[in-house]
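Please arrange chain B on chain A, whose structure you already have, making use of the hints.
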Amino acid sequence: MSQAVLEAENLTKIYRSAEKELMVLDHISFSVKQSDSISIIGPSGSGKTTLLGLCAGLDVASGGSVSLMGFKLNAMNEDDRAYIRNQYVGFVFQNFQLLSTLTALENVMVPLELRGERNVMPKAKELLDRVGLSGRLHHYPSQLSGGEQQRVAMARAFITDPKILFADEPTGNLDEENAYHITELLFGMNKEQGTTLVLVTHNLELAQRTQRILRMRGGKLVDDVVGRVASNY
Amino acid sequence: MIEYVIKIKRKNRSIFKDRWVWSMAWRDARHNFSRLVLFVAALVVGIAAVVALDSMNNSLQNDINSNAKELLGADLVINGERKFEGELKAKFDSLQLPQASEADMASMVLFLNNGQSRLIRLVALKGDFPFYGKVETQPADAYSKIKTGKFAMLDESLASQYEVSSDDSLRIGSSVFKVSGVVAKIPGGGGITSTFTPSVYISMDELDSTRLIQYGSRVNFKQYIKTSSEEETTQTLNNFKPFIRKNGYSYETIEGRREGLGEGFNSVYKFFSLLAFVALVLGCIGIASAVHIYAREKREEVAVLRCIGSTGWQAFNIFFIQIFVLGLLGSIVGSLIGIGIQQLIPVLLKGVVPFEISTGISWKSVGMGVLIGAVISILFSILPLVAVRFVPPLSVLRSDFSPERIVSKTKVVAIICIALFPIAFAAYQTQSILTGVYFFLGLIVALGFLTLVAIALLYLVRKFFPYNAGFIWKHSLSGLFRPNNQTRVLMVTIGLGAFIISTLNIVEQSMLSQVEFTGRENQSNTILFDIQPHQREGVIKLMKENNLEVNQVVPIITCRLSEVKGKSVEVLQKDTTDKIPNWALTREYRVTYRDSLHNSEELIKGELHSKKQSKDSVWVTISEGMEENLGVTIGDSLVFDIQGVPLKAFISGVRKVEWPKDPPNFIFVFPKGVLENAPQFYVTSTRIKEQQQANNFQQQLILQFPNVSLIDLRLILSTVNELFDKLGLVVRFLALFSIITGLIVLAGAVINSKFLRIKENVLLRTVGARTSQITKITLIEYAYLGLFSAFTGMVLSLAGGYLLTTFFFEIKFAFDWKEIGVISFSVIFLTMLIGWINLREVINTPPLQVLRKEG
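For the record, the sequence lines run as chains A and B.
Note that the first sequence covers residues 1 to 233 in the UniProt record's numbering.
Note that the second sequence covers residues 1 to 855 in the UniProt record's numbering.
The reader is advised that the hints may include incorrect statements.
[Said to hold, decoys possible] DSSO-like mimics (lysine-lysine), calculated; alpha carbons at most 30 Å apart, straight line: (1) B:Lys812 - B:Lys661; (2) B:Lys812 - B:Lys656; (3) A:Lys72 - B:Lys409; (4) A:Lys163 - B:Lys147; (5) B:Lys567 - B:Lys579; (6) B:Lys178 - B:Lys147; (7) B:Lys226 - B:Lys126; (8) B:Lys541 - B:Lys567; (9) B:Lys17 - A:Lys123; (10) B:Lys605 - B:Lys656; (11) B:Lys246 - B:Lys69; (12) A:Lys125 - B:Lys17.
These are calculated hints, taken from the structure and not from any lab test.
Note that the coordinates shown come from a computational prediction; the quantities given were computed from them, not determined experimentally.
With the rest of the complex left out, here is chain A (with noise of 0.2 Å):
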């Protein structure tokens, strides 16, 4: 039985303010397996991303805890936070946030680079080129399409080859057609490099694509189901 990589325990997010306190993750509980791939969806304000980034370490639980790869991130700063993120952790947005000073090569090419690696230039050009941006490698994201940035953000997310890649609404800013390649793209190479996917979506069309699909509704977890389930949404 494979090990789990992601392992949420009574997960509470509770944001307080001068006249009231909002609870916006109620005692979620669940843990995610070595490859396997799971979906979030829910309305909006359910809390789908709100419980992403508490699973990636973006940000503190108020209650309870995410072990990460085995390690415990609320009992850890910021700084070593992001050294898990950049060893184990891959991340896809909807919005791409490709850093717009760099070129597309140069922006895979970061996160190794943010490790103290040296040559990776080869290997993002191979990752770029399975993405099909061969030819785009110098441009910058100004000078790109959305579907086309979105490709370099998953180049720059398999780049370190991750243990667990996190996806929010990854064709939630695209057209159909490229909506499409993404999902490929995604899956495919998800496939290809054994990554655990944790995908948030209000599109049930690709959740049904994932082994498993949680659904959330006011902060709380409400279904955990396995298979494929389409017809029940």
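Chain B alone, transformed into the frame defined by chain A:
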């Protein structure tokens, strides 16, 4: 579930070993030059100002050191207001050292070629003066010629002003001299003194023929002595000292002249360097402001970097490296520009300094500029950059996410260093910790006050917002409250520049108003002095013939003090515990007698005592300030030596005197019935309305009464104006740095708000606004900004100007609304100009381009 590897083996790499941060710094900087150029520009201007001044100061100090001998013309000079006689004369005669003599006095000169006349400083020379340096004349033999007879040479400025050339004739006193040439350079001459009273040089042997030296004439005598070594100078001086002190003479050595000049220019340098310091401080604000905006814009990028594993310090280092490297480059560029500007300053100071300032480069100043630039680029960028360390990675998912405020150690240390920097720098510039602290406090007060005025003004605008005004006026005003518009910072920085220039203007106006009474109706503008008793009626008659009103005829008696409060001057001179300055004891006093107060006087203590009977004691009044110098108060006794006759008097009152008003004014005023029979001369005053009338009168006066001198106060006014023009040019030039820095900050803010403005204008155009309307909205917004900045600066300058004139210069506060208006208008115009330059791109951006981007 198995819990494995809990401990992180993460290594922190230092900034020097982390190749990634250096390459990221370069990659990122490639696309941010336009923004970082502003940061560099703010630094460049500040550093340029500091280096220019520091380098010039070093050159000036070197010049003073190397020119001191040439400026004095001898190793030792003995000065006196009385002819050197008796023991001292015998000492000079017995001295086996080369000597030369000089006598100088105020006199009128009549240019016979054009009939014009003016008051000059007549210098009569004898011997081989100067022993150091040389007299440069045109033609070259002009100086040797004056030694041969009735020849005179005159200052270049005087010759060109009155269009006098060689072989023209001029009349001084009762003698006519032929012009032998003009003086370009002479030890002890030139500089600012020649601007006030230009000199005419003759031979000492011809002085008597002028018949200028009469009773009451104020003549300065100088004996120049050349020695072979410093030891000999000291030895000679020690020999003379007892006589010098006893007779109220003074002396000057090369070292003394060097120190005196050094101190004099040091004060000027301190003032100028503090102006440069203000430019630098504004530059610092510009740096902090530019980096703050830069760091804010980089939030998103940093959040992505943190997501993919960068530590807070790594993100910080990327931008820190950019800022530091550019700061260093900016400092080098600023230092080089400063050196360039230094070459200009001697041109601006020409005529103010009595020697040519060399333009040698001071590498020490360049080094200091680079060092200071590097320090301030670190210091003032750290504070805004520290925020980068704490950008939460969650921002990539939620752009509106704002983390809790974090108090970091770096931030606290940066704040402390920032507070200490201005003190340390001002202390370095002025070579005094106390001055540094005072200046820092002054700056804090000024900036605090400017901020308060800016806050109050913006609050009032918000509170009384003109909701009923037209759309354009209303919309442009609300633009000031746009987020990231930095309206308050701009008001403070531009306001500070306006404040400096305006305060200078107020001080200048106040000083000018001290002499401007000459312009007022019924006030005297011409003073005639050295009128001998037998000339009195003749002069009055001449004035009446020229239709000139005789405003007052004042008798003047010269005397000295022989006793103060029962102690003789000799005893007081020997008493080291006594604090009465020697000059106050030994000087010649010019006193008058009357039983009433003059219109420039006010009795602030005691009363006026008139002498009713011959046996009554003599009661005199003394001017405010002099009572403190002499340490006397009401009832104290003084013994005056009036031409050898001792006269005991008591202090009856203290007068506050407005010295420049309706002269002459006096330190001591005697009652009537005491001095009438003493040797005396007269001073009278009148008002001359037209130049032609003045010329005619002066010409007749010189011909009939050659020894009587005339001061045209209008000429003094124009000289003061000229002086302010020269000094003001330098000060304005330096204040310009502050304005430029303020404008750089403005340009930065304008560029940073450009996209926001483009978006806003596109929306306006989408709903139907015309280009002309958008142009008006933007220009009016900048006009508001300029107006508020100018207003902020003006309010502070009026307050500062009042405090400076009242308590520091102790003159009447005065300002000219027109000049203040011109300064304010210039500030508004420059602000609008920058806004207009930015506006072109805003207007030329097609709406669709923005809407697509937004979509």
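Distance restraint between B:Lys605 and B:Lys656, which requires alpha-carbon spacing of 30 Å or less: Given pair B:Lys605, B:Lys656 holds - Cα atoms ~9 Å apart, limit 30 Å.
Distance restraint between A:Lys72 and B:Lys409, which requires alpha-carbon spacing of 30 Å or less: Within the cut-off at roughly 27 Å; holds.
Given pair status - B:Lys126, B:Lys226, alpha carbons within 30 Å: holds (14 Å)
Given pair status - B:Lys656, B:Lys812, alpha carbons within 30 Å: holds (14 Å)
Hinted pair B:Lys246 and B:Lys69, Cα distance within 30 Å: holds (27 Å)
Given pair status - B:Lys147, B:Lys178, alpha carbons within 30 Å: holds (12 Å)
Pairwise hint evaluation, B:Lys567 against B:Lys541, where the allowed Cα distance is 30 Å at most: Since the Cα atoms of B:Lys541 and B:Lys567 sit roughly 46 Å apart, the hinted pair is violated (cutoff 30 Å).
Restraint check for B:Lys812 with B:Lys661, where alpha carbons must lie at most 30 Å apart: Holds, at roughly 12 Å.
Restraint check for B:Lys567 with B:Lys579, where alpha carbons must lie at most 30 Å apart: holds (14 Å)
Given pair status - A:Lys123, B:Lys17, alpha carbons within 30 Å: holds (24 Å)
Pair hint outcome, A:Lys125 versus B:Lys17 [Cα-Cα no greater than 30 Å]: holds (26 Å)
Given pair status - B:Lys147, A:Lys163, alpha carbons within 30 Å: Violated: A:Lys163 and B:Lys147 sit about 104 Å apart, past 30 Å.
Hint compliance for this structure: hints 4 and 8 are broken, all remaining hints hold.
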